[in-house]
Amino acid sequence: MTCRRRFGWYLGFGCVVWMTAASAAEPPPNSCLECHHAMEEQTRGPATLFLESDVHGQRGLSCADCHGGDPTSSDPMVAMDPSQGFLGKPTIAETPQFCARCHADPAYMRKYNPNLPTDQYAKYLTSQHGKRLGQGEADVAVCTSCHGVHGIRSKKDPLSPVFPTNIPGTCASCHTDAELMDRHGLPVNQHWEYSQSVHGQALLFRGDRAAPHCASCHGSHEAARPGAIAVGNVCAQCHALTRDLFAASPHKAAHESLGLPECEVCHGNHLIRKPTDEMLGVGPDAVCIGCHEPGSAGYASAQQMREAVERVKAQIAGAEATVKQAGRLGMDVSEAEFELREAETKLTQTRAYVHAFSPSALQPIAEEGQRHARAAEEHGVAAIHEFHFRREGLWITLAVLGLLIAGLLLWIRDLERSDAARPPTPPSPPASP
Amino acid sequence: MRLQDRLAAFFRARYQLGGLIEFTSHKTVPLHRHTIWYYWGGATLLLIGVQIASGLLLLLYYRPSAETAFESVRFLMTRVEFGWLVRSVHAWAANLAIFSAMVHLASTFFLKAYRPPRELTWVSGVCLLFLLMGFGFTGYLLPWNTLAFFATKVGTEIAGVVPYVGPLTQTLLRGGSDVGDLTLTRFFWLHIAVLPVGLLALMGLHLFMIQLQGMSKPLSVKDERSIPFFPNFFLRDLLVWVIVLGVILGLAVYWPATLGDKADPFAPTPVGIQPEWYFLWMFQTLKLIPGHLFGIEGELIAVASTTAAAGLLVLVPWLDQPARRGRSHWMVWAAGVLAMAYVIGTTGYAVWTSAHP
Numbered sequence: 001m002t003c004r005r006r007f008g009w010y011l012g013f014g015c016v017v018w019m020t021a022a023s024a025a026e027p028p029p030n031s032c033l034e035c036h037h038a039m040e041e042q043t044r045g046p047a048t049l050f051l052e053s054d055v056h057g058q059r060g061l062s063c064a065d066c067h068g069g070d071p072t073s074s075d076p077m078v079a080m081d082p083s084q085g086f087l088g089k090p091t092i093a094e095t096p097q098f099c100a101r102c103h104a105d106p107a108y109m110r111k112y113n114p115n116l117p118t119d120q121y122a123k124y125l126t127s128q129h130g131k132r133l134g135q136g137e138a139d140v141a142v143c144t145s146c147h148g149v150h151g152i153r154s155k156k157d158p159l160s161p162v163f164p165t166n167i168p169g170t171c172a173s174c175h176t177d178a179e180l181m182d183r184h185g186l187p188v189n190q191h192w193e194y195s196q197s198v199h200g201q202a203l204l205f206r207g208d209r210a211a212p213h214c215a216s217c218h219g220s221h222e223a224a225r226p227g228a229i230a231v232g233n234v235c236a237q238c239h240a241l242t243r244d245l246f247a248a249s250p251h252k253a254a255h256e257s258l259g260l261p262e263c264e265v266c267h268g269n270h271l272i273r274k275p276t277d278e279m280l281g282v283g284p285d286a287v288c289i290g291c292h293e294p295g296s297a298g299y300a301s302a303q304q305m306r307e308a309v310e311r312v313k314a315q316i317a318g319a320e321a322t323v324k325q326a327g328r329l330g331m332d333v334s335e336a337e338f339e340l341r342e343a344e345t346k347l348t349q350t351r352a353y354v355h356a357f358s359p360s361a362l363q364p365i366a367e368e369g370q371r372h373a374r375a376a377e378e379h380g381v382a383a384i385h386e387f388h389f390r391r392e393g394l395w396i397t398l399a400v401l402g403l404l405i406a407g408l409l410l411w412i413r414d415l416e417r418s419d420a421a422r423p424p425t426p427p428s429p430p431a432s433p
Numbered sequence: 001m002r003l004q005d006r007l008a009a010f011f012r013a014r015y016q017l018g019g020l021i022e023f024t025s026h027k028t029v030p031l032h033r034h035t036i037w038y039y040w041g042g043a044t045l046l047l048i049g050v051q052i053a054s055g056l057l058l059l060l061y062y063r064p065s066a067e068t069a070f071e072s073v074r075f076l077m078t079r080v081e082f083g084w085l086v087r088s089v090h091a092w093a094a095n096l097a098i099f100s101a102m103v104h105l106a107s108t109f110f111l112k113a114y115r116p117p118r119e120l121t122w123v124s125g126v127c128l129l130f131l132l133m134g135f136g137f138t139g140y141l142l143p144w145n146t147l148a149f150f151a152t153k154v155g156t157e158i159a160g161v162v163p164y165v166g167p168l169t170q171t172l173l174r175g176g177s178d179v180g181d182l183t184l185t186r187f188f189w190l191h192i193a194v195l196p197v198g199l200l201a202l203m204g205l206h207l208f209m210i211q212l213q214g215m216s217k218p219l220s221v222k223d224e225r226s227i228p229f230f231p232n233f234f235l236r237d238l239l240v241w242v243i244v245l246g247v248i249l250g251l252a253v254y255w256p257a258t259l260g261d262k263a264d265p266f267a268p269t270p271v272g273i274q275p276e277w278y279f280l281w282m283f284q285t286l287k288l289i290p291g292h293l294f295g296i297e298g299e300l301i302a303v304a305s306t307t308a309a310a311g312l313l314v315l316v317p318w319l320d321q322p323a324r325r326g327r328s329h330w331m332v333w334a335a336g337v338l339a340m341a342y343v344i345g346t347t348g349y350a351v352w353t354s355a356h357p
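Top to bottom, those sequences are chains A and B. Using my numbering, you'd call the opening residue of the first sequence number 1 and step up by one each time. Using my numbering, you'd call the opening residue of the second sequence number 1 and step up by one each time.
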């Protein structure tokens, strides 16, 4: 083989390698992105957002997977030809169904995330939003209202509008719009009330993602007003013991017969404040007197339950002061502190058992709390007594030692006086240098 | 015949006690302006006695395992009658014993009592101080609280720095790669079995040599006065012992030993962890030496210099050649003052840095 022929072979092989590499590096043609990127800021947005953060884009879906058309053609007339399946931009009314083409298809969704539910659309149809959309109202929330459009993020992404800490703000984007809510006959103060509530403070200010948000009570895709009786079921998701106690209490039947909600009557709904002991009993801030008149059995029960709670609190406060005093004196109060913690636990249980609305159910727990507080007090008193005993014992012992020292000094003085009267003693052998 | 005479006759008939009684009745102690320093040895002896007595009482309740040690000490402190007092006395007497031994050592150094023929008394005394520090190190871990746990972790880590024998020493002390249940068992074994045997044997030897050779008189003292050891000096010793007992009781009542939190091996090392005060100067030396010096690891230099200092201390009777010839040299005195200033200064510095992190 001549040198020239060999060179020809090398050149040919090199060209083939170069062409293969070039074709492998080039992404498949997507005329949607190419054209939309070249457009003005306003129309370029969807393409940029989709590429940057959209969960669909990250999973390998393209524009055509939602909007249809032929992304391989660089001719806009062909790429966006309705006869080629191009759907274009869905209207508000079309949006839920538009998303549901994939999201209600379990076989299709399984390819991407087998754990993702596929009943969102069915639930949406039962929601207030879905129902009103079905009635032809176009100013209601659809999928994109909460999830965004081309920058749709996973709900686990903290930047997603449906991430737990962002949900109240997402709902509020519509539910604080006075004009919009006025058209639907809804108030606009829910978000403010929620943000002041014990739940809102936990979620929005302390970042506690276990705290309930709008969707925890109203549902997300099936968002609706919980019915009067159903409110209790919503609260029971977390407050199970309280709900069980309520369900077994005389209030259950009374609320049902009057068509009243359960928890909401005393605690409110969006503006649920941290409950205080003042809510119980017959004082000016007590919620019991809203229904129970003086002289009634309920009035007396409320008074008795409040008194039981106050007795435990007073016992704990007294014990705490004693234990603190003993601690300040440097005494070991670990056992007293253990009893105090037990008493606090019983106080919390006593407060929970208020929801049994029966003094006889609450009394034994309150007494147990008092017993633990009394034990703490006794430990504290014993520690203070022990402190004084130790100090007094020390000084008596030191006085005895002082007497011993005085006796020894006198003995030594007598010895040395008698030694001085005798001739000096020679040093003992062997002599030391 | 009186009871005491009958008892004396009983023992005289069976044992040759005449020589011993004769020796004791003629034994004297020099009387001069430095005699006060002679009491520190006796005070240390009393404190060791207190340690043995209180330690035996603690053994009634202490249970040496990671699971039970802390709980047993808590039980002792809160439930056992005067348990708090026994433990507090044990803790305070331990510190005072080391302090007293240090003062005894310093006074012996400056009075040059180590000069011939008392070289071996000095060596046994220095070794006794090392043993007492060993008691402190091993006893500190036994309550199994957080501070003790991490201080032992740091302490045994330093032991591992020594070339060749370090890793083996560390493993032997810890009973494994880390401080744990086995470390506690080993430290307990050292604290109540190995070290006491060594201490009693060495202390016996130390006292025996002192009795044989008598108390040393400083070079500067020309006074020939002396007092009988028994009962004159013994009564003075007894007086000091009563005072020391009062001091221990006062400290134990006003500042009782604390319990701390139970050691959690998985917890992060607490900030500002420090060993007992008598190890602080070594700890501070370790902190002051740079990570690397002349291409050698700083920790190794600190450990080597501390070991060298201990070796020099043992060899003082032979290093101080002028004293062997009955003369006093200012350089020995200056070296002693410098060493003391360094130990006190670095200890003070360590205390100051822990108070002002």
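Please note that the accuracy of each hint is not assured.
Stated by the list, open to error - In silico EDC-like cross-links for lysine to aspartate or glutamate, where the CA-CA straight-line distance does not exceed 16 angstroms:
1) B:LYS27 <-> A:ASP419
2) A:LYS313 <-> A:GLU278
3) A:LYS313 <-> A:ASP277
4) B:LYS262 <-> A:ASP332
5) A:LYS313 <-> A:GLU367
6) B:LYS153 <-> B:GLU119
Stated by the list, open to error - Here chain B is said to cover these stretches of chain A; the calculated rule only asks that three of the stretch's residues, wherever they fall, bring their Cβ under 8 angstroms from a Cβ of chain B:
7) 182 to 188
8) 276 to 285
9) 331 to 343
10) 410 to 418
Keep in mind that the hints were calculated from the coordinates and are not lab data. Note that the structure is predicted; figures quoted are calculated from it, not measured. Heads up, the beta-carbon is just placed ideally off N, CA and C, and yes, glycines get one too.
Quiz item: Counting residues of the segment 410 to 418 of chain A with a beta carbon closer than 8 angstroms to any beta carbon of chain B, are there 3 or more?
Solution: holds (count 4)
Quiz item: Is it true that the CA of LYS313 (chain A) sits at most 16 angstroms from the CA of ASP277 (chain A)?
Solution: holds, 10 angstroms
Exercise. Take the segment 276 to 285 of chain A, compare each residue's beta carbon with every beta carbon of chain B, and decide whether three or more fall closer than 8 angstroms.
Key: Contact hint for the segment 276 to 285 of chain A vs chain B: violated, 0 residues under 8 angstroms.
Quiz item: Are there at least three residues in the segment 331 to 343 of chain A whose beta carbon sits under 8 angstroms from a beta carbon of chain B?
Solution: Contact hint for the segment 331 to 343 of chain A vs chain B: holds, 3 residues under 8 angstroms.
Self-check item: Restraint check for LYS262 (chain B) with ASP332 (chain A), where alpha carbons must lie at most 16 angstroms apart
Solution: holds, 15 angstroms
Quiz item: Under the criterion that the straight-line Cα-Cα distance not exceed 16 angstroms, is the pair LYS27 (chain B), ASP419 (chain A) satisfied?
Solution: holds, 15 angstroms
Practice problem: Please work out if LYS313 (chain A) and GLU367 (chain A) have their alpha carbons no farther apart than 16 angstroms. | Solution: holds, 11 angstroms
Exercise. Would you mind confirming whether the straight-line C-alpha gap from LYS153 (chain B) to GLU119 (chain B) stays at or under 16 angstroms?
Key: violated, 36 angstroms
Exercise. Report holds or violated for chain B covering the segment 182 to 188 of chain A, Cβ cut-off 8 angstroms, minimum 3 residues.
Key: violated (count 0)
Practice problem: Assess, step by step, whether the Cα of LYS313 (chain A) is no farther than 16 angstroms from the Cα of GLU278 (chain A), and give holds or violated. | Solution: holds, 13 angstroms
Violated hints for the displayed structure, listed by number in ascending order: 6, 7, 8.
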